[in-house]
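*Asks:* For reference, the chains in residue letters:
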Amino acid sequence: MIKHFPVLVIIIPLLLALIAPVAGRINRIYSWVIAFLATLFSFIIAAILLYQVMYSGTISYWMGGWEPPWGIEYVIDYFSAFVLAIVAFLAWLVTIFARKSVAAEIEEKKLPAFYGVYLLFIVGLMGMIVTGDIFNLYVFLEISSLTAYALVAMGKSRRAPLAGFRYLVIGTVGATFILLGIGYLYIATGTLNMADLGARLPGLFNSKLVITAFAFFAIGFSIKIALFPLHTWLPDAYTYAPSAVSALMASTGTKVAAYGFIRILFTVFGVRVFLEQWVSVPHFLIAVSSVAILMGSILAIAQTNIKKMLAYSSISQIGYIILGVALMNPTGLQGGLLHILNHAFMKCALFMSVGCITYKTGITSVADLKGLGFKQPYAMAAFTVAALSMIGIPLTVGFVSKWYLAMGSLENAMWYLIPVILISSILMLVYFWRVIDNIYFKAGKPIAEVEVSDAPASMLIPTVVVAALCLVFGTLAFIPVSITEKAALLLLG
Amino acid sequence: MMDFILAKYNFWIYVIIMMIGFYAVIAKSNLIKKIIGLNIFQTSVFLLFISIGKVEGGTVPIYQGVEAVYINPLPHVLILTAIVVGVSITAVAFALVVNIYREYGTIEENAILEMSKTDD
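The listed protein sequences correspond, in order, to chains A and B.
Mind the numbering: the first sequence is residues 0 to 492 in numbering that gives the first Met the number 0, read in order.
Mind the numbering: the second sequence is residues 0 to 119 in numbering that gives the first Met the number 0, read in order.
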């Protein structure tokens, strides 16, 4: 049983995803119960896998008993176990949050179908994390993307289907580029297993075929990650999706795509080629991600819709992750990996507390939030903690990853990246302070005098737990730091 | 020059078809035409994959008791999966277009963007 855990983490939610819509026909609540159980099982298994990896090293699972590189291999190492645990945990919390939130935002008869698609989205993400086969990665990427398009389109706003459609067009082009990259690598090496590719590619790095393959991967994944000039699908998708979907997608979707990109960079191509032959690649990525960090923050300041503001702030956070990766030294990469964890928790807390606001009041504009801090004290406290963490106040998680990113920049003698990190933090202070100022220090308008209480406990508890974890992992930083340190060393070989 | 083109003609065909599809995705305002372009775009990649499985003088990869040269079946199998993905994407895209049409009464992107300016 235990040796099948790497595949059970996917199979259980996959089977339950098919049962959820059917069970929902008997009683609507059953589909939520099944989604809850599926994500809970996945989280327990992911936690056990992380424990196993920490005590007995990398797990390699051969699908159907076929030996790699011929068969499909599932690999659980420090990096994948770490990201898997984050995704499974947040998916479970968001499912608890979703019951009331989704029921308020989606027509009742669509609920069973919603939970089926919702579980498939999680399956796609977790599949991308555990697989060690590059074509399998593409298939799971498409599962998570397809369901993401559908989930976005289920939003209440009339613009939701349009946002979903534009995301679909851009996302499909990106995924097709990734498929092309896989094809080119297959032409060059004749294998699809990531570790096998990593062993065969050195020596082929002068080949135009391999260079083109890398270019396709870089563009394709940049679209999926929403790296700055290719981010256009993200703001609308996050804004018009249902609150629970925004929380789940913002915290896990782009992170897992970043995970895929990091796998391609370090496991398939290997860090040495970027340090020795293709030195312009990390420099280019650093330049692009610096622009992403600044532009994301500047665009966020210009927004009046709070969900759109958070969406643009995601774009700058993605920049931080890619910046850490592109530094290509252990400290910087560790900062990038820590930021995957941190941003997942912070954005999850922010989107969930905004979900609590919209559940009770329907407010979407920053200006209407005046005086809400005393009417919804718990949700607003969670928002404030997560916002301070985004800015990078010491004792919050945001500070830890920014510290590592800054140290990593200095290690590469790139002092000019420090101002980028600092300026972006100040810009974040600007747009988050506007919200905090409104909710605590401005008197509410007459409309806010209407009786508004906190959201129901099933929505508040996950929100507060995630926000509290931002503080816990910020003060007890050694827990994530010790895991990401091993993961970074593993990736850098 | 001609030799260069003819030697790898499958690559040229795939690039040309791909760019036709890409053009439709970018330039067409009608959402259904965009989906058609997206399909052409994906199909070009399928053609590339299928063509790279070809082995000179190869036969069907079924073992019939004698040693023979076989074509490589793996790219074909991969593309079977990718075709399924492509069909699902088309289906989801059509479903979204139906929803968009219900909301806005048109499937011309320019008109929809004009209308949705007043939303929010």
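Treat the hints as calculated values from the structure; they're not laboratory data.
Some hints could be false.
Heads up, simulated BS3-like pairs for lysine-lysine below, C-alpha to C-alpha not over 27 Å straight-line [claimed, not checked]:
(1) Lys155/A to Lys2/A
(2) Lys369/A to Lys116/B
(3) Lys369/A to Lys485/A
(4) Lys207/A to Lys7/B
Because the structure is a prediction, the values reported are computed rather than measured.
*Asks:* Which constraints among the numbered hints does this structure fail? Numbers only, ascending.
*Replies:* Structure breaks hints 1 and 3.
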